[in-house]
Amino acid sequence: MTKRLMRGNHVLGEAAVLAGCRYYFGYPITPQNEVPEYLSGRLLDVGGTFVQAESELASVNMVIGASMAGARVMTSSSSPGVSLKQEGISYLAGLELPAVIGNMMRGGPGLGNIAPSQSDYFQATRGGGHGDYRCIVLAPASCQELCDMTFRAFDLADKYRNPVMILGDGMIGQMMEPVEFPAAVDLATLPVKDWALTGAKGRPSRTILSLLLDPKVLENHNYKLVRKYDAVTRSETDWETHLTEDARLVVVAFGTSARIAKGAIKRVREMGLKVGLLRPKTLWPFPSQPLEELTRVVRHLLVFEMNTGQMVEDVRMAVKGQADVNFYGRPGGVVPTPEDLAHQISHYYYGAHLDEDGGSKDRLVGGLS
Amino acid sequence: MKQVFTVPKSLKPNVFHYCPGCGHSIIHRLVAQAIDDLGIQERCIGVPPAGCAVLAYNYFDVDMGEAPHGRALAVATGLKRVMPDKVIFTYQGDGDIAAIGTAETIHAANRGEKVSAVFVNNGVYGMTGGQMAPTTLAGMASTTTPSGRKPERDGAPLDLTQMLAVAKGSVYLERVAVNSPKNIMRAAKAIKKAFQVQLDGLGFALVEVLSMCPTNWKMSPVAAAEWIDKTMSQVFPLGVIKDETGYEAREGKAS
Ligand code: SF4
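The listed protein sequences correspond, in order, to chains E and W.
Count the first sequence with our numbering and you get residues 1 to 369, in order.
Count the second sequence with our numbering and you get residues 1 to 255, in order.
Be aware that a few hints might be false.
As the list claims (entries may be wrong) - Within a straight-line C-alpha distance of at most 27 Å, the following computed BS3-like cross-link-like pairs (lysine-lysine) qualify:
| # | chain 1 | residue 1 | chain 2 | residue 2 |
| --- | --- | --- | --- | --- |
| 1 | E | LYS201 | W | LYS168 |
| 2 | E | LYS201 | W | LYS9 |
| 3 | E | LYS193 | W | LYS12 |
| 4 | E | LYS201 | W | LYS189 |
| 5 | W | LYS192 | E | LYS216 |
| 6 | W | LYS9 | W | LYS230 |
| 7 | W | LYS192 | E | LYS201 |
| 8 | W | LYS12 | W | LYS150 |
| 9 | E | LYS201 | W | LYS182 |
Don't read these hints as lab results, they were simulated from the structure.
Build the full structure now, drawing on both the sequences and the hints.
In structure tokens, the structure reads:
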């Protein structure tokens, strides 16, 4: 199959259509306007529906309606807009409705700016809206991965009847890369949604509701969700390791930061520093277990994010004090260069004497005793 | 013997939880009767509100999908856009449709969404205990306007249905009441017509129903019914607010 050179936001739109999405409801916000712009035309070509809603609130509630009807449906936005969608995301989770939400993050808080940022890691992975729920969060680091993760997002949403967020940033959305698109999903082959509201023809009427007044009933519903989240964690946690085999220091980064980290690691490797990368591809569920396992051989982690330190909390929880966890980040839409990060890495590396023969090993033995 | 009263097929055999004299019980019957009359029970999907009628899904025997407070017409938009051949209705109170959901309402009407909205106006937030609603009358006491609503402080009662009339996509808007047998018959016709407008694919249809809330009005059911005639309908006059269906002209020609 031939590759197509495309902008990230267009990739998200095209991959959604190929994955069977026929309904998109959204509201303009930079830096993701190319998603609705692309889909406003593309969906018409395939007999789908595009609605530019009056607000983010309305658009996510249209998503709720379309999902109730059993459709593959998507909305997308950027940070401030995703804040407005949180009400609907909580309902999607509570009502157990599948939906895909694209978030091309920008600098915050408040209106912030339109530069690439990773300032909404907390919001995405902690639920974001009210109530005790989880959103599955996928973090692409390239246009190809954005495409592949979009397909995966629709499958996961349907499989678990849960909202799935694709968490990119202004960089992922705006950059152009060659992408090979998988074949289009045949809608007829998708499993029938035997819970959808399609009219009570030849069956008893159905309800989809999140009001559960009896605390006992709501508690059971919450536990049911927990069992689902446990299943997601067991089966769907995804990550990539890069040059970790001999590493004495491992950088932990996702999305755009991980791209920068790879460039930085190439530079420090050329200087002889044994540095690798662990890149979470699912931010929720978070790859805690592989991180914990990594700390059996690597005692020094550098978490790198385009924010003031959010994922670093998950890393600290995962390694349970078994490794020294450092953080480097730049907030506000500042995108550090690989050189910036390489400087931070080597500073840490030499400071911890990891260049000294056996330095890492000694510490390892000490740590395990 | 002539049967004068039957329970509509589109109602489940559950006992209403509404207070004695509450308008919701009557409006539920009218909506269910319209669904029966038009034979659309099997392709009808309802969107219940937050508010006293939040449990409407316990009563309507059609598919029901619960919307967040105020968002019923956005949810209905999503349902209808996926299933244009199905019949979608929302059932919303004044706070739901005319306060927290104002934007969703105006824009659904403006897009001419082919859905039917039942707007229950009782001038008060019933379920949360009687706070001021957008439709609370001037001078009317509520738990958040204990000395009465003062327009210069609290805003005047909002006539949402009139506002919707200027939206190009709305084709049928009527205000009715359920406080007397005569008004109930008129309301039944209007609700059925709102569904017919959708079946004919004409555009957005809404019926506003002035409805008794004896509990929060602190009146007997009889006094509440009278109050609608004497006071409430002075501010919210009954009648057709917009009708671009062309039905009357067609009927006129046929006769
Ligand atoms: S509080 Fe008012 S609206 Fe609610 S059920 Fe009672 S009478 Fe009806």
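Problem set entry | Pairwise hint evaluation, E:LYS201 against W:LYS192, where the allowed Cα distance is 27 Å at most | 21 Å, holds
Exercise. Is the hinted pair E:LYS201 and W:LYS168 satisfied, with a Cα-Cα distance of at most 27 Å?
Worked result: 34 Å, violated
Exercise. Do the alpha carbons of E:LYS201 and W:LYS189 lie within 27 Å of each other, as the hint requires?
Worked result: 26 Å, holds
Exercise. Holds or violated: are the alpha carbons of W:LYS9 and W:LYS230 at most 27 Å from each other?
Worked result: Not satisfied, since the Cα-Cα distance of roughly 35 Å exceeds 27 Å.
For this session: Mind checking the alpha carbons of E:LYS201 and W:LYS9 for me, to see if they're no more than 27 Å apart?
Result: Distance ~14 Å between E:LYS201 and W:LYS9 Cα, so the pair holds.
Exercise. Holds or violated: E:LYS193 with W:LYS12, Cα cutoff 27 Å?
Worked result: 24 Å, holds
Exercise. Can the restraint linking W:LYS192 and E:LYS216 be considered satisfied, given a maximum Cα separation of 27 Å?
Worked result: Since the Cα atoms of W:LYS192 and E:LYS216 sit roughly 39 Å apart, the hinted pair is violated (cutoff 27 Å).
Problem set entry | 27 Å Cα cutoff - pair E:LYS201, W:LYS182 | 34 Å, violated
Exercise. W:LYS12 and W:LYS150: Cα distance at most 27 Å?
Worked result: 42 Å, violated
Taken one by one, the earlier hints fail for this structure at numbers 1, 5, 6, 8 and 9, listed in ascending order.
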